[in-house]
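Asks: Each chain, written out:
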Amino acid sequence: MEADLIIKLDGLKKHYPIGGGHFTALNGINLDFARGEFAALIGPSGSGKTTMINIIGSLDMPSEGRVTFMGYSIGELNAKSAALIRSSKMGFIFQTYNLLPVYTVFENVELPLLLLGIEKSTRKKMVRDAIEWVGLTDKIKSKPPQLSGGESQRVAIARAMVKKPAVVFADEPTANLDAANSHHILQTMEKLNRELQTTFIFATHDEKVISYVRRRIYLSDGLVVRDERVAPQRTEV
Amino acid sequence: MVSLRLALRNILGAGLRTWLNVIVLSFSFVVIIWHKGLLDGWDRQAIHDMIEWEIAGGQYWVNEYDPYDPFSISESHAPMPEELDALIRQGEITPLLYTMGTIYPNGRMQSILIKGIEPGQEIIAVPSNLLQSGPDEIPAIIGTGMASSTGLKEGSFVTLRWRDKNGAFDAAQVKITGIFKTNVPSVDASQIWLPIDKLRDMMLLPDEATILICRDEELGTYSTSRWDFKEQDELMVDLKQIIRSKSMAGLFIWAILLMVAMLAIFDTQVLSIFRRQREIGTYVALGMTRRQVVTLFTFEGAMHAVFATVLGAAYGLPLLAMQAKRGINLPVSSEDYGLTMAEKLYPVYSLGLILGTVIVVVIVTTLVSYWPSRKIARMNPTEALRGRWQ
Chain S
0 MEADLIIKLD GLKKHYPIGG GHFTALNGIN LDFARGEFAA LIGPSGSGKT
50 TMINIIGSLD MPSEGRVTFM GYSIGELNAK SAALIRSSKM GFIFQTYNLL
100 PVYTVFENVE LPLLLLGIEK STRKKMVRDA IEWVGLTDKI KSKPPQLSGG
150 ESQRVAIARA MVKKPAVVFA DEPTANLDAA NSHHILQTME KLNRELQTTF
200 IFATHDEKVI SYVRRRIYLS DGLVVRDERV APQRTEV
Chain C
0 MVSLRLALRN ILGAGLRTWL NVIVLSFSFV VIIWHKGLLD GWDRQAIHDM
50 IEWEIAGGQY WVNEYDPYDP FSISESHAPM PEELDALIRQ GEITPLLYTM
100 GTIYPNGRMQ SILIKGIEPG QEIIAVPSNL LQSGPDEIPA IIGTGMASST
150 GLKEGSFVTL RWRDKNGAFD AAQVKITGIF KTNVPSVDAS QIWLPIDKLR
200 DMMLLPDEAT ILICRDEELG TYSTSRWDFK EQDELMVDLK QIIRSKSMAG
250 LFIWAILLMV AMLAIFDTQV LSIFRRQREI GTYVALGMTR RQVVTLFTFE
300 GAMHAVFATV LGAAYGLPLL AMQAKRGINL PVSSEDYGLT MAEKLYPVYS
350 LGLILGTVIV VVIVTTLVSY WPSRKIARMN PTEALRGRWQ
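From first to last, the protein sequence lines stand for chains S and C. Take the first sequence: its letter number 141 is residue 140 in numbering that gives the first Met the number 0, and every next letter is one higher. Take the second sequence: its letter number 216 is residue 215 in numbering that gives the first Met the number 0, and every next letter is one higher.
Keep in mind that the hints were calculated from the coordinates and are not lab data. Treat the hints with care, since some could be wrong.
[What the hints assert, rightly or not] Cβ-Cβ distance ranges computed for the label pairs, FRET-style: (1) C/Leu270 to S/Tyr15: 22 to 32 Å; (2) S/Tyr15 to C/Val363: 50 to 60 Å; (3) S/Lys119 to C/Ser244: 26 to 36 Å; (4) C/Arg385 to S/His21: 11 to 21 Å.
[Stated by the list, open to error] The list that follows gives simulated cross-link-like pairs (lysine to any residue, SDA-like), each with its CA atoms no further than 20 Å apart: (5) S/Lys79 to C/Glu278; (6) S/Lys12 to S/Lys79; (7) S/Lys119 to C/Val1; (8) S/Lys140 to C/Val293; (9) S/Lys138 to C/Glu382; (10) S/Lys123 to S/Asp137; (11) S/Lys79 to S/Thr67; (12) S/Lys79 to C/Thr381; (13) S/Lys142 to C/Arg274; (14) S/Lys12 to C/Glu382; (15) S/Lys140 to C/Ala13; (16) C/Lys164 to C/Thr101; (17) S/Lys88 to C/Thr381; (18) C/Lys374 to S/Asn77; (19) S/Lys142 to C/Arg4; (20) S/Lys12 to C/Arg4; (21) C/Lys174 to C/Glu136; (22) S/Lys140 to C/Thr101; (23) S/Lys79 to C/Leu3; (24) S/Lys79 to C/Met0; (25) S/Lys79 to C/Val1; (26) S/Lys123 to C/Val1; (27) S/Lys12 to C/Thr381; (28) S/Lys207 to S/Tyr217; (29) S/Lys79 to C/Pro126; (30) C/Lys174 to C/Pro126; (31) S/Lys140 to C/Ile72; (32) S/Lys79 to C/Val293.
Quick reminder that beta carbons are idealized off the backbone N, C-alpha and C, glycines included.
Chain S with its partners taken away, still in its complex shape (with noise of 0.2 Å):
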């Protein structure tokens, strides 16, 4: 399942100036993923894991090195083409879900699939099976501010996953909602990566995210400090 490559980091750095200097966010950071994997970036605040995804996925340039992506570099990318590759091969999950208020559910999870111009009906198929996905039809009408943390992060996954994209990046998912939605959400989350052979990369600090990847990698100061693939470890809810 592992064996068909898709991220590649080789040499990766990113700079930010402060003051006079700047602040090394990440190392030289060597890394693949194949297709199919359910793997987090583990660390402390600062330790680099939201700089990296956010390179990854096309929202900031790497300082020095090369990340590839589906064959593409990422650092020579032009704004038009990241953000087609954006639309068609990723999903972002955020810990603030980053929903639209005014929208509703359906709206929401419509979304990718407007900005990918498909067809109305194929959308409404789409949009309402990603939200049968999540378990949420019966919010389908509902907008943001109706929901709670978990159902709204549901919504996000779901927002996510409607155009099935081949990576999606989640970046600390679970920090806003408790025990009980956690382990909804993943198991959620989980279900997805086997069925529709997603690649997830979780950014996290959670145990209970950490329980459930297949691959764990540790970062400290812009390094990789372990990487190590395991069997899901899953604590109770």
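Based on these hints, arrange chain C on the given structure of chain S.
Replies: Chain C only, in chain S's frame:
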């Protein structure tokens, strides 16, 4: 187009925020059009009244006549041209004779312009038919402005002093036989109207006149050596100059109203950048290009103007149409205001004014929306996602 669709979805979803903006903008639309229509109506009414009361279809002026030189007015007269005799007799042209004089109302002395007019004329609206009196009296009519400034009333007598053609002073009592209401100060202020024959007798100038007023412009084709024909446009140069300068002032107010409306849109757009950073970051993360984001926000702003047009039309058109039909009662009369102004103004709302205003507002709203949206294009998506952009 995705941006257009999402913009519509966003502004409809924004609910109260959208409708408050739309209401403010629609109100601005209506006020802008109302204000400009009022000024246009005022201008049109001023031109109409001036033609009706003073200019008619144009005027022949004796060569020496200069309305801006009071010292030469008394010498500005000539025998009426033989070429126009028939038309004068037919009532198609009416002569006026001007001279300077003095009246002494209530013990005061006041310089005035004395105008002689045919009592039976029907070319201008001055009610010369009121110039009727006994055989030993000199009838005179004045406007309400003149009556107000002199304290003269209908039936009052006032001493009038003038000079005849030889320069000899003479004086007589004249009886005010009529007071007329006009919106045209130049037939009212500091002047008194007498029967032209009586004035000719007083000035020893039989069959002479200062100006000849024509019913129609076509009558201005006769060429006479001592008389120049002045077309309507030429006679209204001063009025049109006033209208032009008034239009500039109107344009200034129009611009201020437009700015107020645009401020509402601009405020919304700028607030959007700061309040909706995370949303913008999400759009980018989901695959929107920066150009699409700018287009989305620009469309959002422009749609406010489109909605405001629809809303403004819904309540503004019936309101403005009713005003255009019924007119607007003004609280001050023209003599108090010092300008040509009727007691009731009829605004004129032309299609050009309405369409022009709508197009200008929509374009300016779009530009005002685009400007802050451009800043969005420079926003780093990772910062935007965290809501940290300043």
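Asks: For every hint, state whether the structure bears it out.
Replies: Here is how each hint holds up against the structure:
1. The hinted window of 22 to 32 Å between C/Leu270 and S/Tyr15 holds, with their beta carbons roughly 28 Å apart.
2. Between S/Tyr15 and C/Val363 the C-beta distance comes to about 40 Å, which lies outside the given range of 50 to 60 Å.
3. Between S/Lys119 and C/Ser244 the Cβ separation comes to about 58 Å, which falls outside the hinted range of 26 to 36 Å.
4. Distance hint check: the CB atoms of C/Arg385 and S/His21 are about 20 Å apart, consistent with the given range 11 to 21 Å.
5. This hinted pair checks out: S/Lys79 and C/Glu278 have alpha carbons roughly 19 Å apart, not beyond 20 Å.
6. Taken as a hint, the S/Lys12 and S/Lys79 pair is broken in the structure, with Cα atoms around 23 Å apart against an allowance of 20 Å.
7. Only pairs whose Cα atoms come within 20 Å are accepted, and S/Lys119 paired with C/Val1 is accepted, the gap being roughly 13 Å.
8. Note on S/Lys140 and C/Val293: the hinted pairing is violated, with a Cα-Cα distance of about 28 Å set against a maximum of 20 Å.
9. With a CA separation close to 31 Å, the supplied pair S/Lys138 and C/Glu382 exceeds the 20 Å bound.
10. Note on S/Lys123 and S/Asp137: the hinted pairing holds, with a Cα-Cα distance of about 16 Å set against a maximum of 20 Å.
11. For the proposed pair S/Lys79 and S/Thr67, the alpha carbon gap of about 17 Å is at most 20 Å, so the pair holds.
12. Taking the CA atoms of S/Lys79 and C/Thr381, the gap is near 17 Å; set against the 20 Å cutoff, the hint holds.
13. As the CA atoms of S/Lys142 and C/Arg274 are separated by approximately 18 Å, the hinted pair is consistent with the 20 Å bound.
14. At roughly 19 Å between alpha-carbon atoms, S/Lys12 and C/Glu382 fall within 20 Å of each other, so this suggested pair holds.
15. Proposed proximity of S/Lys140 and C/Ala13 is supported: the alpha carbons are some 16 Å apart, at most 20 Å.
16. With a C-alpha separation of about 16 Å, the suggested pairing of C/Lys164 with C/Thr101 holds against the 20 Å cut-off.
17. With a CA separation close to 19 Å, the supplied pair S/Lys88 and C/Thr381 stays within the 20 Å bound.
18. The suggested pairing of C/Lys374 with S/Asn77 holds, with an alpha-carbon distance near 19 Å, which does not exceed 20 Å.
19. Distance check on the hinted pair: S/Lys142 and C/Arg4 sit about 18 Å apart at the alpha-carbon level, within 20 Å; holds.
20. Of the supplied pair hints, the one linking S/Lys12 and C/Arg4 is violated, its CA atoms being roughly 40 Å apart against a limit of 20 Å.
21. Restraint check: the Cα-Cα separation between C/Lys174 and C/Glu136 comes to about 7 Å, which is no more than 20 Å; the hinted pair holds.
22. Of the supplied pair hints, the one linking S/Lys140 and C/Thr101 is violated, its CA atoms being roughly 87 Å apart against a limit of 20 Å.
23. As the CA atoms of S/Lys79 and C/Leu3 are separated by approximately 19 Å, the hinted pair is consistent with the 20 Å bound.
24. Under the criterion of a C-alpha separation no larger than 20 Å, the hint pairing S/Lys79 with C/Met0 is consistent with the structure, at around 17 Å.
25. Taking the CA atoms of S/Lys79 and C/Val1, the gap is near 16 Å; set against the 20 Å cutoff, the hint holds.
26. Distance check on the hinted pair: S/Lys123 and C/Val1 sit about 16 Å apart at the alpha-carbon level, within 20 Å; holds.
27. Distance restraint check for S/Lys12 and C/Thr381: the Cα-Cα separation of roughly 17 Å lies within the 20 Å cut-off, and the hinted pair is therefore satisfied.
28. Between S/Lys207 and S/Tyr217 the CA atoms are separated by roughly 15 Å; this keeps the pair inside 20 Å, and the hint holds.
29. Straight-line distance between C-alpha atoms of S/Lys79 and C/Pro126 comes to about 79 Å, which puts the hinted pair past the 20 Å bound.
30. With a C-alpha separation of about 16 Å, the suggested pair C/Lys174 and C/Pro126 falls inside the 20 Å cut-off, and the hint holds.
31. A distance of roughly 85 Å separates the Cα atoms of S/Lys140 and C/Ile72; the hinted pair therefore is violated under the 20 Å criterion.
32. Distance hint between S/Lys79 and C/Val293 is fulfilled; the C-alpha atoms sit about 14 Å from each other, no more than 20 Å.
In terms of the numbered hints stated before, the structure departs from hints 2, 3, 6, 8, 9, 20, 22, 29, 31, listed from lowest to highest.
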